[in-house]
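Undergrad: Produce the entire structure from the sequences given, and follow the hints as far as they go.
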Amino acid sequence: MTRVTRPVSWINTARRAFADFPEGAQSACLDALTIAAEGGKADRAKPLKRFGSGIFEIALAYKGNAFRVVYAVQLGADLWVIHAFRKKSTHGIRTPRHELDLIGQRLKQLEKMLR
7 MTRVTRPVSW
17 INTARRAFAD
27 FPEGAQSACL
37 DALTIAAEGG
47 KADRAKPLKR
57 FGSGIFEIAL
67 AYKGNAFRVV
77 YAVQLGADLW
87 VIHAFRKKST
97 HGIRTPRHEL
107 DLIGQRLKQL
117 EKMLR
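The sequence shown runs 7 to 121 under the numbering used here.
Quick caveat, the hints were computed from the structure, so don't treat them as lab data. No residue lacks a Cβ here, since even glycine has one placed at the ideal position from N, Cα and C. Treat the hints loosely; a few may be bogus.
Stated by the list, open to error - Derived pair list, reagent style DSS-like, types lysine-lysine, alpha-carbon separation capped at 30 Å:
(1) Lys118 <-> Lys93
(2) Lys69 <-> Lys114
(3) Lys93 <-> Lys114
(4) Lys52 <-> Lys114
(5) Lys52 <-> Lys118
(6) Lys69 <-> Lys55
(7) Lys93 <-> Lys69
(8) Lys94 <-> Lys52
(9) Lys93 <-> Lys47
(10) Lys69 <-> Lys118
(11) Lys94 <-> Lys114
(12) Lys52 <-> Lys69
As the list claims (entries may be wrong) - Distance ranges between label pairs, derived from CB positions:
(13) Lys69 <-> Leu120: 21 to 27 Å
(14) Arg121 <-> Gly30: 35 to 41 Å
(15) Gln80 <-> Glu29: 27 to 33 Å
(16) Ala83 <-> Gln115: 16 to 22 Å
(17) Gly45 <-> Asn71: 26 to 32 Å
(18) Asp49 <-> Lys118: 17 to 23 Å
TA: What follows is the structure in structure tokens.
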């Protein structure tokens with residue numbers, strides 16, 4: 007059985023933010039994105055239910071920091087990386103509201119672009 011890997015596309019600002027991640031954090035997140043592109047779900051990926059189905063967040067603890075990568079699997083043929091950031095909140099594991107608002111804006115822009 008041949009496994010089909012979907013292309014991974016990036017919103018430019020997410021790509022630039024991801025480039026600032028430490029190399030080890032990038033590698034771990036890219037592994038999780040590869041699993042998603044092959045139709046699976048990495049253990050460190052969880053659904054972001056606020057945005058409906060098909061939106062996931064990779065949550066990575068790396069050397070005392072928390073990194074997040076948000077991607078969409080149901081927008082067009084590609085897997086889209088929407089947002090990447092270092093989580094700076096000290097209030098538990100929740101994604102900060104301003105980050106969620108930014109994800110929502112980028113999703114709307116991407117959906118409009120792909121129509």
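Undergrad: Determine for every hint whether it applies to the structure shown.
TA: Against the structure, the hints come out as follows:
Between the alpha carbons of Lys118 and Lys93 the distance comes to roughly 28 Å, so the proposed pair stays at or under 30 Å and holds. The hinted pair formed by Lys69 and Lys114 fails the criterion: a straight-line CA distance of about 33 Å is larger than 30 Å. Between Lys93 and Lys114 the alpha-carbon distance is near 22 Å, which keeps this suggested pair within the 30 Å criterion. Straight-line distance between C-alpha atoms of Lys52 and Lys114 comes to about 21 Å, which keeps the hinted pair within the 30 Å bound.
Straight-line distance between C-alpha atoms of Lys52 and Lys118 comes to about 25 Å, which keeps the hinted pair within the 30 Å bound. Of the pairs offered as hints, the one joining Lys69 and Lys55 holds, with about 28 Å between alpha carbons and a cut-off of 30 Å not exceeded. For the suggested pair Lys93 and Lys69, the alpha carbons sit about 13 Å apart, so the restraint of at most 30 Å is met. Under the criterion of a C-alpha separation no larger than 30 Å, the hint pairing Lys94 with Lys52 is consistent with the structure, at around 19 Å.
As the CA atoms of Lys93 and Lys47 are separated by approximately 21 Å, the hinted pair is consistent with the 30 Å bound. The suggested pairing of Lys69 with Lys118 is violated, with an alpha-carbon distance near 37 Å, which exceeds 30 Å. As the CA atoms of Lys94 and Lys114 are separated by approximately 25 Å, the hinted pair is consistent with the 30 Å bound. In summary, the hint linking Lys52 to Lys69 is supported, as the alpha carbons are separated by about 21 Å, within the 30 Å threshold.
For the hinted restraint 21 to 27 Å between Lys69 and Leu120, the CB-CB distance of approximately 36 Å leaves it violated. At roughly 38 Å, the beta carbons of Arg121 and Gly30 sit within the given window of 35 to 41 Å. As the Cβ distance of Gln80 to Glu29 is approximately 30 Å, the hint placing it in 27 to 33 Å holds. Take Ala83 and Gln115: their Cβ atoms lie about 18 Å apart, and the range 16 to 22 Å holds.
Hint check: Gly45 to Asn71, Cβ distance near 30 Å, so the stated range 26 to 32 Å holds. For the pair Asp49 and Lys118, the supplied restraint of 17 to 23 Å is violated, since their beta-carbon distance comes to about 33 Å.
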